[in-house]
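The chain contents come next:
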Amino acid sequence: MANTILVIAEQREGKLNRVSWETVTAAQAIAAEAGWTIEAAVFGYGIAGVAAEVAGKKLAKVHAIESPKLASYTPDGTVAALKQFIEAQQPKLVLMPHTYQVRDFAPQLASALKRTLISDAVGFHKDGDKLLFTRQMFQGKFAADVSFACDPPHFVTFQAGAFRGDKAEAGASAAPVETVTAQIADNAIRTQPEEPFKEAKQAVDLTQAEIIVSVGRGIKEQKNIEIAKALADALGGELAASRPICDSGWLPMDRQIGSSGQTVAPKLYLAIGISGAIQHIVGMKGAKSIIAINKDAEAPIFEIADFGVVGNLFDIVPALTEEVKKAKAQ
Amino acid sequence: MKILVCMKQVPQKDAPLKLNESGTWIREDVSYEVNEPDAYALEEALRQKEKHGGEVVVITAGPARAQTVLREALAKGADSAIHLEDNGFVGMDAANIARAFVTVIKEDKFDLIFTGLQSDDYGYAQTGVIMAELLGWPHATIIMEIQKTDGGIKVKRELESGFFQHVAMPVPAVLTIQSGINKLRYATLLGIKQAKNKPLRKVALDEVKSVLGENMQKIEKLYVPQKSKKTEMLEGSAAEVAKKLVEKLRNEVRVL
Ligand SMILES: Cc1cc2nc3c(=O)[nH]c(=O)nc-3n(C[C@H](O)[C@H](O)[C@H](O)COP(=O)(O)OP(=O)(O)OC[C@H]3O[C@@H](n4cnc5c(N)ncnc54)[C@H](O)[C@@H]3O)c2cc1C
Ligand SMILES: Nc1ncnc2c1ncn2[C@@H]1O[C@H](COP(=O)(O)O)[C@@H](O)[C@H]1O
Numbered sequence: 001m002a003n004t005i006l007v008i009a010e011q012r013e014g015k016l017n018r019v020s021w022e023t024v025t026a027a028q029a030i031a032a033e034a035g036w037t038i039e040a041a042v043f044g045y046g047i048a049g050v051a052a053e054v055a056g057k058k059l060a061k062v063h064a065i066e067s068p069k070l071a072s073y074t075p076d077g078t079v080a081a082l083k084q085f086i087e088a089q090q091p092k093l094v095l096m097p098h099t100y101q102v103r104d105f106a107p108q109l110a111s112a113l114k115r116t117l118i119s120d121a122v123g124f125h126k127d128g129d130k131l132l133f134t135r136q137m138f139q140g141k142f143a144a145d146v147s148f149a150c151d152p153p154h155f156v157t158f159q160a161g162a163f164r165g166d167k168a169e170a171g172a173s174a175a176p177v178e179t180v181t182a183q184i185a186d187n188a189i190r191t192q193p194e195e196p197f198k199e200a201k202q203a204v205d206l207t208q209a210e211i212i213v214s215v216g217r218g219i220k221e222q223k224n225i226e227i228a229k230a231l232a233d234a235l236g237g238e239l240a241a242s243r244p245i246c247d248s249g250w251l252p253m254d255r256q257i258g259s260s261g262q263t264v265a266p267k268l269y270l271a272i273g274i275s276g277a278i279q280h281i282v283g284m285k286g287a288k289s290i291i292a293i294n295k296d297a298e299a300p301i302f303e304i305a306d307f308g309v310v311g312n313l314f315d316i317v318p319a320l321t322e323e324v325k326k327a328k329a330q
Numbered sequence: 331m332k333i334l335v336c337m338k339q340v341p342q343k344d345a346p347l348k349l350n351e352s353g354t355w356i357r358e359d360v361s362y363e364v365n366e367p368d369a370y371a372l373e374e375a376l377r378q379k380e381k382h383g384g385e386v387v388v389i390t391a392g393p394a395r396a397q398t399v400l401r402e403a404l405a406k407g408a409d410s411a412i413h414l415e416d417n418g419f420v421g422m423d424a425a426n427i428a429r430a431f432v433t434v435i436k437e438d439k440f441d442l443i444f445t446g447l448q449s450d451d452y453g454y455a456q457t458g459v460i461m462a463e464l465l466g467w468p469h470a471t472i473i474m475e476i477q478k479t480d481g482g483i484k485v486k487r488e489l490e491s492g493f494f495q496h497v498a499m500p501v502p503a504v505l506t507i508q509s510g511i512n513k514l515r516y517a518t519l520l521g522i523k524q525a526k527n528k529p530l531r532k533v534a535l536d537e538v539k540s541v542l543g544e545n546m547q548k549i550e551k552l553y554v555p556q557k558s559k560k561t562e563m564l565e566g567s568a569a570e571v572a573k574k575l576v577e578k579l580r581n582e583v584r585v586l
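So the protein lines, in turn, are chains V and L.
Throughout the first sequence, residue numbering follows my numbering, covering 1 to 330 in sequence.
Throughout the second sequence, residue numbering follows my numbering, covering 331 to 586 in sequence.
Any given hint could turn out to be false.
Unchecked claim - Label pairs and their calculated CB-CB ranges:
{"no.": "1", "chain 1": "L", "residue 1": "P529", "chain 2": "V", "residue 2": "A297", "range": "57 to 63 Å"}
{"no.": "2", "chain 1": "L", "residue 1": "V554", "chain 2": "V", "residue 2": "K325", "range": "54 to 60 Å"}
{"no.": "3", "chain 1": "V", "residue 1": "Q192", "chain 2": "L", "residue 2": "E565", "range": "39 to 45 Å"}
{"no.": "4", "chain 1": "V", "residue 1": "Q192", "chain 2": "L", "residue 2": "A394", "range": "39 to 45 Å"}
{"no.": "5", "chain 1": "L", "residue 1": "E351", "chain 2": "V", "residue 2": "T179", "range": "25 to 31 Å"}
{"no.": "6", "chain 1": "V", "residue 1": "R12", "chain 2": "L", "residue 2": "L514", "range": "46 to 52 Å"}
{"no.": "7", "chain 1": "L", "residue 1": "E565", "chain 2": "V", "residue 2": "Y45", "range": "57 to 63 Å"}
{"no.": "8", "chain 1": "V", "residue 1": "A34", "chain 2": "L", "residue 2": "E358", "range": "49 to 55 Å"}
{"no.": "9", "chain 1": "L", "residue 1": "P393", "chain 2": "V", "residue 2": "F197", "range": "29 to 35 Å"}
{"no.": "10", "chain 1": "L", "residue 1": "L520", "chain 2": "V", "residue 2": "K220", "range": "37 to 43 Å"}
{"no.": "11", "chain 1": "L", "residue 1": "P346", "chain 2": "V", "residue 2": "Q192", "range": "33 to 39 Å"}
Since the hints were derived computationally from the structure, they do not count as laboratory data.
Quick reminder that beta carbons are idealized off the backbone N, C-alpha and C, glycines included.
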């Protein structure tokens, strides 16, 4: 499998995680520059359907790695299966989406193979013969170009949204699917997972809100939440927050926006004192309009905002509330 | 239970960061704080100890300045600390940091090792998982709850979009802790005083060098990311900006 890129797609209960298409797009972009071939692998139990779905894309081959021991996800089972497979196939590059599941097993897999994983990359480029991967560091304040300084296989995960899944090219005909039976020793799996569940029903459903005023750590103290609440009330909108605000118990968990909270797409999302970490952005980038108020002109939130104000929220927000009230009274 | 907590010192969230001359790293003259999930990991370890007895040891790898993190942890109730002290630990990849930690603590018979789920500066999200692999222990990531059971522990993992999952596992094990798992405590004055007499062991880079290798991934260049989207910036005094925003809300966003 010389000069092959292997995409590891993700599935749960026979359903493909759509973020896998983004990884296929990334692989196709790299292959176009490097001239390599692309194969994909899916692992689990009873996954012929997912494998066939993946095979619809322009790929040289799809491997369905099956075992009853892979029926529910465990890092040990996954690493045992993928380690054998990768040792046998020897791909140059192994690409995965940076999902919670991949975060759970990929460092173990790379380490078990005595290799390294460039995690959470947002792009790549070629510098001569060298493939460089770009990743964010210091919470998005800087980007770093990172190269591999070891033999292949090289492992990379891509951040959600770094490539467009809808750009994954379909094949002229379906790629061949090959089923591989993984050999997993009886005592290999040390953890016992239970079924995923959701916490008791949420009290507020922010997905339906037209206007959301969202506060971040810039608000400094719990009592200052009132300032944002006043603006939300004036606008007739809902109050939401970044994760640290909910972690501190200043607002209930069900008002958290982001990868581990709610995903919203209001007409207006007003981000106050929020830096714009990727885990927050994935929850609100679908908003029609985004306004950001932040004292730091370099804050990543300004990357995705339509309108931005650099300044002290404690001056701007109360002034805005007054102005909105005036406008509404007219 | 005997618990090890890995705690990293990272630049303060609000600190303006500058690149060094060669564009390979940041300039060191910034304020530092403890990596946020690591503070939650320490809190969780202290709570487990309060419930079940045992011992909490904290460990960090970094220059002399990183000792602050250990002192704070001791003041909050950790029993002892280990400092892998050297500038050389800055810029190491996750595999090397994990190897260094594992080498130092291998003989110490921990039941659990906690790390944060990721560091705010490098954001590898790997160190804890690699430690587990090197030790041959099971692991679980993004943990929001830990219960002791007869045969080991049961943890609650955070999954994406509001899902969770319970996982039962034996100990010893490595867990990577998510922010918000508990509510943080403050150090008391008494705690701060007692911390001064608690053991803090220093380990030099030379003592672990034999197990470290070259970084397998290399940062070629660090830079300020290019802006791709054109945000319309509104300027002026607070009152002026407020007027401009209302105008946008009315005519462009159309919510007024
Ligand atoms: C696996 C995982 C899941 C996560 N899930 C989520 C999630 O679902 N949702 C989420 O939000 N985060 C999530 N996070 C956390 C995320 O990475 C960030 O840490 C978090 O979003 C930062 O919140 P913040 O922007 O409020 O705080 P900070 O990053 O601390 O930003 C505060 C901002 O306020 C500004 N500010 C300070 N003072 C003022 C002032 N006076 N006026 C104006 N501006 C000011 C600062 O310039 C700064 O930009 C997750 C992280 C991980 C690793
Ligand atoms: N130099 C270090 N000192 C102490 N702990 C560290 C260090 N590097 C990583 N860790 C731990 O590993 C976790 C994950 O870091 P990372 O793999 O860099 O994202 C952190 O939250 C810390 O708990």
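A quick look at each hint next to the structure:
1. P529/L - A297/V: 57 to 63 Å: Once the Cβ atoms are compared, 45 Å apart, the range 57 to 63 Å for A297/V and P529/L is violated.
2. V554/L - K325/V: 54 to 60 Å: 39 Å, violated
3. Q192/V - E565/L: 39 to 45 Å: For Q192/V and E565/L the Cβ distance comes to about 58 Å; the hint is violated.
4. Q192/V - A394/L: 39 to 45 Å: 44 Å, holds
5. E351/L - T179/V: 25 to 31 Å: Taking Cβ atoms as reference, E351/L and T179/V lie about 55 Å apart, which means the hint is violated.
6. R12/V - L514/L: 46 to 52 Å: Violated, since R12/V and L514/L (Cβ atoms, about 33 Å apart) do not stay within the stated range.
7. E565/L - Y45/V: 57 to 63 Å: Once the Cβ atoms are compared, 58 Å apart, the range 57 to 63 Å for Y45/V and E565/L holds.
8. A34/V - E358/L: 49 to 55 Å: Hint violated: Cβ distance 37 Å, outside 49 to 55 Å.
9. P393/L - F197/V: 29 to 35 Å: Violated - the Cβ-Cβ distance for P393/L and F197/V, about 44 Å, lies outside 29 to 35 Å.
10. L520/L - K220/V: 37 to 43 Å: Because 28 Å falls outside the window, the suggested range is violated.
11. P346/L - Q192/V: 33 to 39 Å: With Cβ atoms ~47 Å apart, the hint is violated.
Consistency with the previously given hints fails for numbers 1, 2, 3, 5, 6, 8, 9, 10 and 11, ordered from lowest to highest.
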